[in-house]
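*Asks:* Each chain, letter by letter, is given below.
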Amino acid sequence: MTERLALEVTGLAVSYGIVPAVIDVSFAIEHGSITTIVGSNGAGKSTIMKALTGLVRPAGGRIRMFGEDIAGAEPDELVVRGVSLVPEGRRLFTTMSVAENLEIGAYRRSDVNAVARDFERVLEYFPALRGRLQVLAGSLSGGQQQMLAVARALMAAPRLLLLDEPTIGLGPAIVDTIAEIIQTIARSGVDMLLVEQNAEMALEISAQAFILERGRIIMQGRSSTLARSEEVRRAYLGV
Amino acid sequence: MDIYVQLLVNSLQIGAVYVLFSLGLTLIFGVMRIVNFAHGEFFALAALLVAVAVPWLIDFGAPLPVAYGLAFLGALAGVLVLGKILYEFAFRRFQRDMIGSFVLSVGLALLLQGLYIEIFSSASRKLPTLIEGTLRILGGAITTQRLVLCVIALLVAAGMYWAIASTRLGKALRAVSEDHEAAMLQGIPYRRIALSGFLIGTLLAAVAGALLAPVVVIGPVIGSSYLIKGFIAVVIGGLGSIPGAIIGSILIAVIESVGGYYFDPSLATIAMFVMVMVVLLVRPAGIMGNG
Ligand SMILES: Nc1ncnc2c1ncn2[C@@H]1O[C@H](COP(=O)(O)OP(=O)(O)OP(=O)(O)O)[C@@H](O)[C@H]1O
Ligand SMILES: [Mg+2]
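Just so you know, the protein sequences line up as chains A and B, in that order. Numbers 1 to 239, taken from the working numbering, label the letters of the first sequence in order. Numbers 1 to 291, taken from the working numbering, label the letters of the second sequence in order.
Quick caveat, the hints were computed from the structure, so don't treat them as lab data. Hints are supplied without guarantee of correctness; some may be wrong.
As the list claims (entries may be wrong) - Far from chain A, by Cβ distances over 10 angstroms, these chain B residues were calculated:
#1 S11
#2 W56
#3 G100
#4 R125
#5 R136
#6 A141
#7 M184
#8 V221
#9 L239
#10 I250
Said to hold, decoys possible - Over 12 angstroms on every C-beta distance to chain A, these chain B residues come out as not near it, computed from the model:
#11 L8
#12 G61
#13 G74
#14 L135
#15 G139
#16 Q145
#17 V215
#18 S266
Said to hold, decoys possible - Pair ranges (Cβ atoms, derived):
#19 E118(B) - S139(A): 33 to 39 angstroms
#20 F89(B) - E77(A): 24 to 30 angstroms
#21 E77(A) - R136(B): 57 to 63 angstroms
#22 N113(A) - G114(B): 54 to 60 angstroms
#23 T184(A) - P284(B): 42 to 48 angstroms
#24 G11(A) - P284(B): 43 to 49 angstroms
Ideal Cβ positions, reconstructed from N, Cα and C, are used throughout, including at glycine.
Excised from the complex, chain B in its bound form (with noise of 0.2 angstroms):
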């Protein structure tokens, strides 16, 4: 019993994580039809930004918890501005070219990695825990810092999943993601909205890196395992599908949990790229894809 309380509180906390990231990734894909393959350099510099801040607003006295606010705060709006400075030049001029876009996003993602070694140097950093203690669920266990981090992924999923179902902007992101023709049609301005469709990703992005800076070991390539999961997760909940990026992260985080559990990450990893194989194959466009 223990064990799979344990594990279900496993998947919980990376999957929000996940949800978070794919989400981001699922959102351009839909307004702008390219998958951002530099959507984990983001994640990554989020994480960076917040891993420098905080020791360094310690050094001025700061206390831990405002350390760690203003920290998050400032990661995300470094965060923001790379994400607008890199639409304008760059992806803004690739949308809707699967091609052009994949050669840029993979250049970026190697781009920036190289820059994030030159910037932060290859070290790993790990940082003082914001909350102590350990809280005990049904037998399973989990550090309160990581259950509250957890909550707010979580959170601010739901209060996206919420925008975008109910706002108006929400509409008109998913009126793009469907038919960005026929959304101009409508009276949607289409360039403004696909720039806030990749900022809103962006963000996602940043929340989800600043987020986990406290409970991981952080470095400058940290990125690219997070793109890879959540690319396989949205391919699994299918390209532009907001349930289906929910869905898919969460199955990628029972796989990695319990596959790591039972067997061993590399095992977890293989497990991921066959149920990729196994939905290609019987839904081509994913889970929740449609056509």
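This is chain A alone, in the form it adopts within the complex (with noise of 0.2 angstroms):
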């Protein structure tokens, strides 16, 4: 078995109707790591992360989740087996309590006591959503939902967590503040992987790194490494 590996996608290839929307993508993600995957509008991110939980069914490749193909998996057996995302635009259920957004992720789980263990820890980790369990979700700041979207996915107890632009519009003291818990995530053995537009958080958290140009990787290595690279500069970090 190979479970040094977390995650790993051979060939992947995705196409909405005839147009391919990624081609030939292959990276692996090994334990006890945050990997990342940088590109630009349009490029492919989101694709990639709902094949990765079942949401379309890939053209082509192979995707191995903890040493198991997960090829015609539904999304909710996948969150079963360990995997969460957070998708893009948070998703929410804005017409739920903010507590029942919570419940909801934790919908398979059937260990009570475990449950709301976790339901103190994400509580620990966005204390600003203790105050507002009863508030309809829809109703919170653009950073609370963040916050809210990244604790519900970890109510599911993941082993791998998804992230989909979770900084996407939001302020720099909260893309701080969500940057920090997803290192802190990160050690608590939660392997991830994080697709952003800006790579300037995302290359500075991540141990390796995958740039995305049309639905194909261009570049890959370790994220230090690629943060200093003249073109990636140019390109994702805007200097």
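Since each chain comes alone in its own frame, lean on the hints to assemble the complex.
*Replies:* Rendered as structure tokens:
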């Protein structure tokens, strides 16, 4: 068993109709690390996330999670196997309370005590949510909504956490908070794949990075190395 | 004074049934994104089954309450079986397909009406009164039987409302209604929840039909008028919204009883359509709809 790898993607291809969105993408995530995929608007980042969570069926390639092929698995089944996604645009249940959103995050868990412990734990990560548990998720501020989206995903007790642009549209202070929490979660033993358009934070907190352009991976390496590359700096760091 | 009480009582008894009917319609829309234009036929089948079973059971010597009780349960079971079959062979394949499900459910409604006429004949049926007597409340009058049925309908609706608000299944149904992909990403098994939502909605229509059986004249095509009213109620309230379905149903019931009293029934119907226009102009997603 290649249990050293949390995720192994080989030759992934996804199309919408006849339009290819992801072409021959291969990458792997090692245990105990944060990996990032950086790419601009429409590069195919979210499509990769959807393929990893069963929301779209790949046209080709193979995805192995914790050593097992996930071909044909339904999204809800993959949650049980240990993958959670913080989706692009948060996708909270806005007409439900904050507490209910967290409860739904643990939908498939039956160990009541463990769920209660995780409930406390995510509120420690995001104290701002504690006073707002009975409020409708839709009435939270943007930053709090993003915190809730991460907290909800954690309620499933994932082994692999996928984050699709978790800091988009947020102010610098909240970006810092979320970056810190992501690192804390990673240290607690959850493997992570972080997808970002804005590469600055992503390259700072991740160990390895892949650069995606028009559906293909065009560069890969250690994040610290890529962050120094002229090409990456010009295209993704705005310098 | 008396007349207002009477109109209120009338609105309440019509509204209680509309609430059950449209709760089912809105629930099914929420989980599957289809407007089930055959929803009225589940309602009709329940009423027809009760109408056939009660005299039959009485012939076998069953006392009236027993005959009603058995007929009621049998009718619900029969409708659930039909619902499950139609779900597996038809509705399941057209979820989240507005046009496909429209064609499917309108076709099914016509097909079922045809079958009902064949099976049950087009005769109108009137059942024996289950509970005798009339009650006077603050100058308004209501037959005891209607009052009991109305209270049962309201209790079922309240129980349903509580279940959707508070139980695990209820929360899953709401989550799927708001965003089915996000729900799946939390581990909610979408297919199973869609089936549950569909069957619960169908059961609510059956309860409405079975409850109404003792107090109305039953024919094979009674489903259509309830479908139209229920659909209007749901559109006014906001497709997919549970509180919206309740508010919409009450509005429709008030227009029907008040309009029917002061003017005439056809004018009341026109008033309903005018209200749909006004609501959709001011709030295109309905009173409680979001987006
Ligand atoms: N449901 C869809 N149907 C058709 N085309 C789609 C669909 N979703 C995405 N695409 C197309 O696939 C390509 C990749 O989209 P994707 O959402 O994966 O990009 P992204 O990298 O996540 O972009 P962003 O940073 O804007 O979120 C784009 O060209 C997009 O227009
Ligand atoms: Mg995206």
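*Asks:* Against this structure, judge whether each hint is valid.
*Replies:* So, going through the hints one by one against the coordinates:
no.	hint	verdict
1	S11	28 angstroms, holds
2	W56	45 angstroms, holds
3	G100	18 angstroms, holds
4	R125	43 angstroms, holds
5	R136	42 angstroms, holds
6	A141	41 angstroms, holds
7	M184	4 angstroms, violated
8	V221	37 angstroms, holds
9	L239	14 angstroms, holds
10	I250	21 angstroms, holds
11	L8	31 angstroms, holds
12	G61	50 angstroms, holds
13	G74	35 angstroms, holds
14	L135	39 angstroms, holds
15	G139	41 angstroms, holds
16	Q145	38 angstroms, holds
17	V215	36 angstroms, holds
18	S266	38 angstroms, holds
19	E118(B) - S139(A): 33 to 39 angstroms	54 angstroms, violated
20	F89(B) - E77(A): 24 to 30 angstroms	25 angstroms, holds
21	E77(A) - R136(B): 57 to 63 angstroms	60 angstroms, holds
22	N113(A) - G114(B): 54 to 60 angstroms	57 angstroms, holds
23	T184(A) - P284(B): 42 to 48 angstroms	44 angstroms, holds
24	G11(A) - P284(B): 43 to 49 angstroms	46 angstroms, holds
Comparing the model with each earlier hint shows violations of hints 7, 19; every other hint is respected.
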